[in-house]
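Q: Chain by chain, the residues run as shown.
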Amino acid sequence: MVATFLSNFARAQRQPVDRWSIGVILLCGLILGPVLAVLLSAFGDSGGLWSHLYDTVLGRYISNTLILMAGVGVVAIGFGVSSAWVISRYDFAGRRMLEWMLLLPAAIPAYIIAYSYTEFFEYAGPLQSGLRHLFGWQSPRNYWFPEIRSLGGAILVMASVLYPYIYMVTRIAFRLTPASLFEIALVHNRSQFWQVGLPLARPAIMAGLALVMMEVMSDFGTVEFFAIETITLGIFNVWLGMNNLVAAAQISIVGFGFILALLGLELYARSRQQYVSSSRNQTPLAMLVPTKAGVLACWAVCVIPLLFGFFIPVGVLVGLVATNDLLADFLAIRGIIGNTLIVAAIAALVIMVLSAFIVVTASFRAGSKTRKLALFASTGYAFPGTILAIGVLIFTGQLDRAIAALFGPQFQGILITSIGVLFLAYIVRFQAVGYGAMISGVRRLPANMMNASRVLGQGYMDSIRRVIMPLLKSSFLAGMMLVFVDVMKELPMTLLLRPFNFDTLATYTYQFAKDEMLEVAALPALMIVLSGLVPVMLMSAMLRRYR
Amino acid sequence: MTRFAFPYFKLTRQYLAAAVFMAITASTSIGFAAEKINIYSHRQQVLIQPFLDAFTAKTGIETNVVYSSKGLAQRLKAEGPASPADVILTVDIARLSEYADLDLLTPVDSSILQANIPSRLRSEDNRWFGFSERARILVTSKTRVAEGAVLDLEDLAKPEWKGRICSRAGSHDYNRALVASMIAAHGEAATETWARGVVGNLARKPQGNDRSQAKAIFQGLCDVAIMNSYYYGNMKFGDKADQKDWAQSIRLVFTNQSNRGNHMNISGGGVAKYAKNKMAAIAFLEFLTEEKAQHLYGEINFEYPVNPSVLVNGELASWGRFKPDTLPIERLAALAPKAQMIIDRVGW
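Chains as they are written, first to last, in my numbering: chain A, 1 to 547; chain B, 1001 to 1348.
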C-alpha cells in the first residue's frame, strides 16, 4: 500500500521519486502521525455540544484568540525586528553584549513569566506599592492602574518572551543582505530599513512570526492564569469539564485551522515574489555609526524588550529566592539540571538534523508536493502541548500494536513505555522551530547555487555537503539554540510523557508554581534561565564566527 | 556520494540493532526487580511523597511516580495491557470518574477499604475510593463582614453582595463541582438563576487561584470569596509572611449548616486495570485509609480524613466541627457536564 502510494505520489509529481524524497515523506509521516491522531479523534460524536458552545462561549473564544494573536504578533514583530536591525546595522558600545542578551527571554517559560509579572504589577506588588507610597494613595479606589490579568497583559507578557523567535532569524537575514543593496539605497537617498532591509527580511520575519503565532495558539499556562477565554482554554474546559475529548479535539481543529490559514496566506503571498540574492557579500557590510543621541536610541530599542522579557521577571524571581543556603538547594536539584540539559541537547541535535534533512531534500531534490508536506509537518507546534501529547500516545499505541502483531507479543508496548515517546513528542512539536530556521536559511540561498555545483560535476550529496550545508550553518545553529531552550522549558508534554521518577527543571518548577508557591519555584525557574544562558552564549559566539 | 553515505548507513544499522537489543533486555529485566508499585498521580509529588515514604518504611515496597495534572488517563488508555502503572491517585471526583468511564480501573475487593471508607465516598463497583475530603467553603473579611452575615451558598446571589464577591474562573474543577452540588440540591434551572446572580455580584472578572481570592479580600477588593479550606492552612503555616496576613484577614464559613451541609470533594484513587503488582497496589490503598496516613492528609495539606474512626485533630479541629454534604460524591461527576454548561451560559 505504501509502495502504491509512493509511486502515485511520484507520478503526481511527474518525476522519479528517489530515496531521499522517500525518506522525507516517511519522516514527515512519522511526524504527522500524532497530529493526524488528534484530527482523527475529532471524528466522533460530540453529543450535540456544538450548539451549546456556539450559543455561549465560542464567539468569545475566537475573538479573544484573534485579538491575542494579532496583539502578540504586532508587539513581537516590533520588538524583534527593531532590535535585530539595530544590532545588525549599527556599531555602538555594548552592541556585542546586547546581541546575545536579546535572546535570553526565550529561556523563560511563559507560565513563570505570567506568575512573576502578576507578583510585580498587581496591587500588592512592588510597583503599585511604590506608587502608593509615593503619592499617598490608600486603597485601589484612589487610582487607576491597568489590570495585568487581562488581554493586554497577556499580549505584553507573551510578546516579551516570544519576540526572540523573530529576532533570531531576522538578524541573520539582515546580516546576509548584500551590502550592495544597502549601498544602492544610500546612493538614492532611500531608507535602508524600509526599502531594502525589511522587504528582503520578510521571509525570515514571517518564519519567526509563524512560530510566535503557533506558540500563542498553543499556550495554556498564561491564559489559564490570566483567565482569558481563548480557544485553548475552551479545549480544556470541554475535555476536562464535560469529559468530552471528541469535542475538545474538534475545537483544537478550529485553532489549527487558523494556523493553516495563516501559513496558506503567507505561502500565497510568497508564490508571487522571489527573494534571491545573486551574490555573497563580496565586501563586508559597513556598519552605520550612530550619533550620541542615536546610541541612546539604539540602547532603548534593545533594552525595552529585554526589560519586559528578562529583567523584570528575573528580578522578581531573584527577589523571591528566599533561601539562605543557595548551594545546598542547587546541589539538591543538580540531577534535575543534568536531566534537563541532556534531554534538551539530544532533542535539539536530533531535531535539527531531521529538519536539515527534510528542508534540504524538500528544497533541492523533491517536488512541490513534498515541499508542502514538509511545511505541513511543522504544524504540530500549533496544538496545545497536552493535546499533542495525547496524539503522540494514541499514535505510538497503534504503532506498538502493529509491531506486536508483526514481531510477536514480547514487543507489546515497546515504544510507548520507553522514553522514546517523549522524544517523539519533542520532534513532533519542535520540528516547526527547526523547519522555520532552516527554511528561512534556504530561501536566502541563490537559486543557481545548487545548479552551478551540479553542472560543475558534483553529485547531489557532494553539492549539499560542500556548497549548501556550509551556507546553512548559521541557520542550523540558530535553530538548534531555539530548540534547545524550547525543550528545556517545555512543560505539558514532558509532564505527561516522562518516565517514572523523572524530572526536568520545568516539571520540578511547575509542581510548586502550580499552587503559586513561587518562592520555592523561583530557584529552579532561575536555573532554567541560567542553564539556557550557557548554550545561548556559546551558540551566539559560533554564530558570530559564521557570519 | 558513496564514499560519504554508505559506511554511515552500516554503522547506524549496527547501532540500531544494539539499541533495540538493549531496550529489550532493559524492559524485560524490570520485571525481576524488588517488590514495588508504579503510581500515576494527579497530585503533586511534594504532596504525596510523605505517604510514599511512610508506606515504604512500613512494607519495604518501593514506589515509582509519574506526576501530571492532565492526560494520565489517556496515557493509561493508550498503553493498554502494556502499561506499567499499578495505582492511580487523583484529586477531584471528576478525574476519578474519567478513569472509571474509560474502564481503566479494576474492582478491588477489600474489607479494609469497605470498612474505612463511607459508601458515599467510593464507587458502587469498588473501582475507585476516596482517601481524603476537601471542603469548599466561603471566606469573608473579618473587618467588613459581620459573623453570620452569610450562611449558605445560596446567599451569594443576594443583592446585598453586589460587587463584593471574588472567585476563580467558574470552569475550574473546584467551582464546577460546587455548581454540580447546587444542581443536585435545586435542579438545573434554579442553579442557573443562582449562578447568574453570583456572577452579577462579582467584584472583578474571575481570575487567579483560591489563594488570590483571599489576597483580594486582604487588599479590600472584595468581601466574600469561595475557597477550598486547606488553602487557609497552607497560607497560615506557609513560608510567606504576606500570605499569613491574608489568612489573618479572613474568617472561615462552612456553608449550609442548617440544611444539606458544606460542599465536599475528595482526593482518591484506584488500582489500574492491567496492574502488574496488584497485591502491593491494594496494600497501598489500604495503607492510605489507615490512621497514620489519614492524619497525614491533615498534617500535610489540611484535608479531612474519610475514615470515620479517625478523629480530626490539631489545626483542623480548631476550625470547628461542621456538617458535610452527604451527597454521594459520584453525583458530582455525573452532573459536571451540566454544571459546565451553566457556567458557560452565565459567563463565570
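Hints are computed from structural coordinates only; laboratory data are not their basis. Using N, Cα and C, we set each Cβ at its ideal position, and we do this for glycine too. Accuracy of the hints is not assured; some may be wrong.
Label pairs and their computed distance ranges (CB to CB) [said to hold, decoys possible]:
1. A/P126 / B/G1200: 31 to 37 Å
2. B/T1059 / A/W137: 33 to 39 Å
3. A/K514 / B/T1059: 28 to 34 Å
4. B/Q1248 / A/P126: 54 to 60 Å
5. A/P470 / B/D1101: 54 to 60 Å
6. A/V321 / B/S1318: 54 to 60 Å
7. B/E1291 / A/W137: 24 to 30 Å
8. A/G59 / B/E1160: 31 to 37 Å
9. B/E1160 / A/L265: 25 to 31 Å
10. B/K1162 / A/F135: 28 to 34 Å
11. A/L36 / B/L1311: 28 to 34 Å
12. A/R19 / B/D1101: 19 to 25 Å
13. A/L406 / B/T1056: 36 to 42 Å
Q: Next step is simple, just say for each hint if it's right about the structure.
A: Comparing the hints with the structure gives:
{"no.": "1", "hint": "A/P126 / B/G1200: 31 to 37 Å", "verdict": "holds (34 Å)"}
{"no.": "2", "hint": "B/T1059 / A/W137: 33 to 39 Å", "verdict": "violated (59 Å)"}
{"no.": "3", "hint": "A/K514 / B/T1059: 28 to 34 Å", "verdict": "holds (30 Å)"}
{"no.": "4", "hint": "B/Q1248 / A/P126: 54 to 60 Å", "verdict": "violated (21 Å)"}
{"no.": "5", "hint": "A/P470 / B/D1101: 54 to 60 Å", "verdict": "holds (57 Å)"}
{"no.": "6", "hint": "A/V321 / B/S1318: 54 to 60 Å", "verdict": "violated (33 Å)"}
{"no.": "7", "hint": "B/E1291 / A/W137: 24 to 30 Å", "verdict": "violated (53 Å)"}
{"no.": "8", "hint": "A/G59 / B/E1160: 31 to 37 Å", "verdict": "holds (33 Å)"}
{"no.": "9", "hint": "B/E1160 / A/L265: 25 to 31 Å", "verdict": "violated (53 Å)"}
{"no.": "10", "hint": "B/K1162 / A/F135: 28 to 34 Å", "verdict": "holds (29 Å)"}
{"no.": "11", "hint": "A/L36 / B/L1311: 28 to 34 Å", "verdict": "violated (55 Å)"}
{"no.": "12", "hint": "A/R19 / B/D1101: 19 to 25 Å", "verdict": "violated (47 Å)"}
{"no.": "13", "hint": "A/L406 / B/T1056: 36 to 42 Å", "verdict": "holds (40 Å)"}
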